[in-house]
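Asker: Residues per chain, in single letters:
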Amino acid sequence: MKGGWNWIWKGSSIALLAYVILRGFSTPLQPGLVSATPSQLTLEEHTLTLLAVGQPFARENAQASDFELVLRSGDQLLATVLTDVQPHAATAKVRIPSTLPSRALDAFLFTPDAGTLFLGNACFVEDAAKGDIPTEFRAQAPAEAAPKLGFSFPYQPNIMESIRNLLWHVPMWFAMFFIMGLGFVASLAQLRTDSVKWDLRAEAAVRTGVIFGLLGLTTGSLWARWTWGAWWVSDPQLNGALVTVLLYSGYLILRAALGEDDRVGRLAAVYNVFAFVMLVILLMVLPRYTESLHPGKDGNPGFNSYDLDNSLRAVFYPAVIGWGALCYWMYTLRLRMNRIAYSLLSR
Amino acid sequence: MAATQHTLRTAATIARMEWRLEWRQGHQLAAVGLFAVASVYVAFQASDQRTSASAWTAMLWLVHLFSGFTAIGRLFDRERSQVRRYLQWTAAPLGLMLGKLFHAVITTTALTGIVLGAFVLFLGWPVGIESPGKPGLLILGAWLGGLSMTTTLVFVSAVASQVRGGSGALGAVLGLPLLIPQLILATRLSRGALGDEPWTMLVEYPLFLGALGAGTATIACILFPYIWRE
Amino acid sequence: MHALLLLNSLEGFFFGSGKAHVVTGVALIILAGLAFAMWRMDRRLSRLEEENANPPS
Chain B
1 MKGGWNWIWK GSSIALLAYV ILRGFSTPLQ PGLVSATPSQ LTLEEHTLTL
51 LAVGQPFARE NAQASDFELV LRSGDQLLAT VLTDVQPHAA TAKVRIPSTL
101 PSRALDAFLF TPDAGTLFLG NACFVEDAAK GDIPTEFRAQ APAEAAPKLG
151 FSFPYQPNIM ESIRNLLWHV PMWFAMFFIM GLGFVASLAQ LRTDSVKWDL
201 RAEAAVRTGV IFGLLGLTTG SLWARWTWGA WWVSDPQLNG ALVTVLLYSG
251 YLILRAALGE DDRVGRLAAV YNVFAFVMLV ILLMVLPRYT ESLHPGKDGN
301 PGFNSYDLDN SLRAVFYPAV IGWGALCYWM YTLRLRMNRI AYSLLSR
Chain Z
1 MAATQHTLRT AATIARMEWR LEWRQGHQLA AVGLFAVASV YVAFQASDQR
51 TSASAWTAML WLVHLFSGFT AIGRLFDRER SQVRRYLQWT AAPLGLMLGK
101 LFHAVITTTA LTGIVLGAFV LFLGWPVGIE SPGKPGLLIL GAWLGGLSMT
151 TTLVFVSAVA SQVRGGSGAL GAVLGLPLLI PQLILATRLS RGALGDEPWT
201 MLVEYPLFLG ALGAGTATIA CILFPYIWRE
Chain C
1 MHALLLLNSL EGFFFGSGKA HVVTGVALII LAGLAFAMWR MDRRLSRLEE
51 ENANPPS
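Protein chains in written order, with my numbering: chain B, 1 to 347; chain Z, 1 to 230; chain C, 1 to 57.
Check each hint, because a few of them may be wrong.
Covered stretches of chain Z (chain B as the covering partner; in silico rule of three or more C-beta atoms under 8 Å from a C-beta of chain B) [said to hold, decoys possible]:
(1) 178-191
(2) 222-229
Taking CB as the label site, the calculated pair distances span [claimed, not checked]:
(3) B:G120 x Z:S131: 42 to 50 Å
(4) Z:I129 x B:E45: 49 to 57 Å
(5) Z:H27 x B:I253: 25 to 33 Å
(6) B:G229 x C:R44: 41 to 49 Å
(7) B:V196 x Z:R20: 37 to 45 Å
(8) B:T83 x C:T24: 32 to 40 Å
In short, the hints are calculated from the structure, not lab data. On a predicted model such as this, the values are computed, not experimentally measured, just so you know. Cβ atoms here follow ideal geometry from the backbone N, Cα and C, with glycine treated the same way.
Assemble the whole structure, with the sequences as input and the hints as a guide.
Answerer: Next up, the structure:
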């Protein structure tokens, strides 16, 4: 059967994406501390409440004695007494000494099942003098229990549940790079051979790539609204992405303006080669040398650990393959349309 | 060897031709200069003579951008169609491109002087700035920013000129998105040059601008023969 | 959980209240629709290609 393999990979891409959607939206997030109240402390006894998101770090009626909370100031540990533990909250009493190595306190919550939860700069002590923590206030680092969490996504501060967008946003850009690279090769071949069959390929590739670029921009904008607080920020990576999409829209406009001109293939190929070189400069070279908020570049450790996490990898790689295959399928559909249209027009 | 000579000779001839056209007809640069000065005057009137540093640089680069479009946007539409046909048959494409690029560089240099001069003359310096912290860097940035815009515009206008019955609008539509990165770098550099950051903090901007300009010029030269072939 | 609802809307509302299932369902329906549309287009193109290769007349 001729079309057998064809339907297998097309079906697999859809199946992979279905798996990604199911897994991506149902996998729980690992617990992570988000806030401590009050965050401004004075030199007296306080009742500190820590809130967590993700899956619960404690069972409904957990014993506070199984947990331990210590605060770190500089390189010294400050003891606390846990009074109450809820699935998503822990309450502790803490006495602040008059001397601290650092005014910023980091919180470590040691749990029996969920590992150690960390909250950097959990609270500040404005009026503490600089000095060592007195011995009676000090804590020993408790023994760390290995987390028993099962299949779950890693907790990242600020990103939290929106880490699932990684399965949409990043593969969409990968797919766009892939298909634009295909278009670039097709355009180079078009310039070498001046044959229309490569032009049909290039046009199909760019048209598909623009769709995926727009999807990447949309998902990125949603993510930016959630993590950075604005729909759009001025950032080298984002500027480059926007310019790239505009550039390739220019390609389609140029084709439309050329219309029936018999040089459309060659001129469009020239523009496409130029556009791809700009894409590489804008998205892969410039952001690396300028400061960028965007993860995956220098200066932001936000996502350096995502590729180390096995549970995320188990969904991320299928997502990359699935979106890539879907993108390629779209491209072949457009290419076949172009071919039929061309052969009908030149009959 | 002979091909290289032919290319270089073409480049020199085209540059000379453009230069002569400029003096004979004399209206091209004058028209652009008029456009630039008028735009600056509009900016001066619109800004109530008290501009912040960011508004100042924004207006500077908007005027620079549109003057650049006016000056370079129709670089390949200047010859009559017979001359164009003749050039397509005889001139080495690369030489033609080099000649046009050379002419564009001269024009942009003059334009930078006109825009920047008119700006300082009419608007003065931004509020709170007696004189720019690094005038040399400001001038260098305006010039390099202009140049890196120009090389891209040369390429775009070469493509747009091939569209039969096309107008200048296509060049603008294709060109504007391509100029965003250059403009971002250039505005940041200008804003920095007005303030009192040390110049070592800003040194990457002229480097990037120069690299972008040189890069786009190189690609334009490589691709131009394919555009120009009939 | 109420504290989380106040803390930020997505964490509490979305995953805390089971609304994530609705999102999963909608995403799957969209994917199924897209797959169906592309499959139909694929079939149609195959037919057109065949007609184009050997014209009916």
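Asker: None of the hints should be skipped; say for each whether it holds.
Answerer: Each hint, compared with the structure:
no.	hint	in the structure
1	178-191	holds (count 4)
2	222-229	holds (count 4)
3	B:G120 x Z:S131: 42 to 50 Å	holds, 44 Å
4	Z:I129 x B:E45: 49 to 57 Å	holds, 53 Å
5	Z:H27 x B:I253: 25 to 33 Å	holds, 31 Å
6	B:G229 x C:R44: 41 to 49 Å	holds, 46 Å
7	B:V196 x Z:R20: 37 to 45 Å	holds, 41 Å
8	B:T83 x C:T24: 32 to 40 Å	holds, 38 Å
Violated hints: none; the structure is consistent with every hint.
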